[in-house]
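Using the sequences plus the hints, can you model the full thing?
Protein chains in written order, with this note's numbering: chain V, 880 to 1199; chain Y, 86 to 363; chain S, 303 to 629.
One should not assume that every hint holds.
Some chain Y residues close to chain V (C-beta under 10 Å, calculated; not the full set) [what the hints assert, rightly or not]: (1) 215; (2) 250; (3) 252; (4) 292; (5) 297; (6) 316; (7) 338; (8) 344.
It is worth saying that the hints were derived from the structure and are not from the lab.
All C-beta atoms, glycine included, are put in the ideal place defined by N, C-alpha and C.
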Amino acid sequence: MHPTLRYLSGRLLTTALVVVGAVTLLFALTLLVPGNPASVLLGPRATPEAVAALAERMGLDRPLHERLLMFFGQVATGNLGTDVISGRPILTMVMEVLPFTVTLTIAAIGLAVLVGVPLGCYAATNPGSRGDRVAAVLSVSFIAMPNFVVAIFLLLIFSIWLDWLPVLGAGEPGDVLDQLVRLILPSVSLALGWVGYIARLMRSSLLEVLGEPYIRTARAFGIPDRKIVYKYALKNAAIPTVAILGLGVGRLLGGAIFAEIIFARPGIGTLVYDAILTRNYPVVQAGVLVVVLLFVLTNLLVDLSYAWLDPRLRPQKGVA
Amino acid sequence: MRDVFARVWSSPTGRLGLILVALIVLLGAGAQVLSPYDPQKLDVLNRFAAPSLAHPMGTDQLGRDLFSRILHGTQVALLVALSTIAIALAVGTLLGIAAAYAPPQGERLILVLFDIISSFPSLVFALAVVALLGPGLSKVVLIVSVTLVPHFGRVARAQVLSLKNAPFLEAERVLGAGPVRLVLVHILPNIMGPLVVLASMDIPVVITIEAGLSFLGVGVPPPLPSWGTLLNDGYANLNQSPWPVVSSGVMLTLATLGFTLFGEALRDAIDPKLRTTP
Amino acid sequence: MTAPPLAAPLLDVQGLSLSFATARGVARVLRDVTLAIPRGRIVGVVGESGSGKSTMASAVMRLLPPNLHAVTGSITLDGTDLLALPPDAMRRMRGRRVAMVFQDPMTALNPVFRVETQMVDVQRNAFPDRSRRELHARAVEMLRTVGIPAPEKRIRDYPHQFSGGMRQRIVIAMALLCEPELLIADEPTTALDVTIEAQILRLFEDLRAGFDGSILFISHSLGVVSSLCDEVVVMYAGTVVESASARDLFTNPRHPYTRLLLECEIGEGDGRGERLRSIPGGVPDLFDVPDACIFAGRCPQAHDRCLQGVPALREVAPGHRAACVLA
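Okay, structure coming up:
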């Protein structure tokens, strides 16, 4: 088999293993819930009959391996069960709010790249300058600041002290401008740390690439510095940054929970948070599952995007 | 040791980090002595007070002294961070060494386990577990340490692998040293450097996760003060007074900033090769 | 014997001295280097690693590392003092007026761009008005000229899909595309194996016919240079020790270092490898250069006079210069 294909199939296999492991882990966690999950869900005043009925509906009386298989079946078919509180399918509830979380995460990544990459490029092309040092201090401060602190401070400054932006909620359905305005502060709060990460990473990998012999070749042919940095070096330097972004999606999804709660936006975060408060664990499970799947999927996508950035990793016809 | 300290101190950011860390450790360790009030003492008539001589950081929604609560929160944050890192370091290192010496299947099993754990974003994982099992200080410590185990495990394994066939170990083996002795006496001291660096760089991560979980109400249970719960109380009453949010937010940021700067300076001083991971 | 050309040389390097600031101190990498490249000629520069030949080439391109400490002397290309040019004017000289082929073809091309992109981009400086289509067509033709089979197809490939020898052909094609007046080849065959080296050298010989610029060919092997070049400059530890027409140098070497070089190469036969192992002594310390002949420490014929000042590079026969008191 071709090395690249072998790599890809290996990567897919690991991904599949990770998904199976993650689902099993999620299932195992429910076993650790103290007390009968059905009675926990229904609250202390539920009648024993109601608890027993719910337990049966949830399959709690079956043997363990059967329950595990059932759980896998549910996950595979997307049938995550029905929410006992609202009586609606859990999958529908998750799918309803998923776009909000995905929008927020993409906006945050976009913002982080849009600010972080130029900042890193500037620092790398002026190493040791005053601007470079300012960028370094800014970057590390951004990285160190927990995003929920940023979110609360943004809320305090812009909504309470300055009273500038309507900040809470996701905006009126159909009013794109309103939705965009309400996206600003949450995505800034999420993106800030990543601006720091990306700027630092860009700086170091760009500095490394600028020392490569092929950059010297480009200089020896009189290609303008700007073109060397932004065309020839940037694509090489982007490879490690893309790798970090893959990891970043996971942390961003975690951070999105805070941004959603603090700015009262609908999303997976608020869904899971509300479910935690009501101890509605099937919903917690479903929300976490979706986040984990998204995370694994983006990591896979990131791995595949290497081949786009780095032709050396593509399947090839042979070397002359 | 003295050399490492000197190198950390010689960089401006390392020095700032060291000063912040020292300050925070001092405040946390001396919380009981330094607090002007009992952190739980209510003073409902004096709620939402602005900072003053009597209350350097003001009071919260129940009139409790914020300065005292923040000092105790510092103690909680440090305790959680240190115990979490200690557990993750111990378990991760053991698993890493085991992976390096295990037969291929065993090694793969451990690595896949690491992959699975890291496939959960740590905060989401912690959230799921605490949500299902109920809040509690020890649970937070346990869960967060589990999410950090792969971190240490992978580095430990890589370190051991690079060391495994070193001539001096070969010599020890020939001289009849048992595997336990080899690991304890010869391998551990040689792989500790990068692991200590990693541990120090994970401290701000753990502090942030603890504060985050507590902010969501699933971390450190009340009445124990945590920076996260303080932030949440302040957030809920943001319209009444900005002081709880400002004081706890600034303190939390100073702590993570201090530990981040310190950890990075330590990394640069001990093992600059680790620089690739953020 | 070739008569010295009457016209002014294309490249004229006069008294070039250059030093780098390093952790150990200031390294005087080039000291009073003087050489000239006549129009249409191939001049070989020979010396072991550390002789400063590559630094000299970088100085002509003005692609020197940032730890450059001081430069004196002049580098004149066709009447223009390159060292005095503002950076942007110097950038516009590169490629169009003077192009360079590097030592290691494996790293000289950008791995993440197609050969086509890189071959088109390098021509932009020399031919700003030509269309992309035109530049592409020229690139394909040039690939054919340097011996890449099926160039119209291969030009869409990435560098890693070519072997080292093919990559060096591509870099040479890139340089020729710009139609420079001066082509600098910095050890273009050192990183290649012997058969490929011979092919690339043959390529250079074939190219002579179609290329009317001058070539500065750097090598650490007199054998490589002998067949290709009109004139040869021998460098040692940052100075020029001898320069002459290729024939003069081989039949009548005047500097002891050149003689040793020749003996070593003849002894080794294949004209490659670390031939200087057999000259006793090490490369001199460039951090503390004595006021004496720099080769005196290793010279089999050294005597008192060699330690009294640096010997000047003087004409010992028409068109033949050597920096040795005995020559």
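So, going through the hints one by one against the coordinates:
{"no.": "1", "hint": "215", "in the structure": "8 Å, holds"}
{"no.": "2", "hint": "250", "in the structure": "26 Å, violated"}
{"no.": "3", "hint": "252", "in the structure": "32 Å, violated"}
{"no.": "4", "hint": "292", "in the structure": "8 Å, holds"}
{"no.": "5", "hint": "297", "in the structure": "6 Å, holds"}
{"no.": "6", "hint": "316", "in the structure": "6 Å, holds"}
{"no.": "7", "hint": "338", "in the structure": "5 Å, holds"}
{"no.": "8", "hint": "344", "in the structure": "8 Å, holds"}
Taken one by one, the earlier hints fail for this structure at numbers 2, 3, listed in ascending order.
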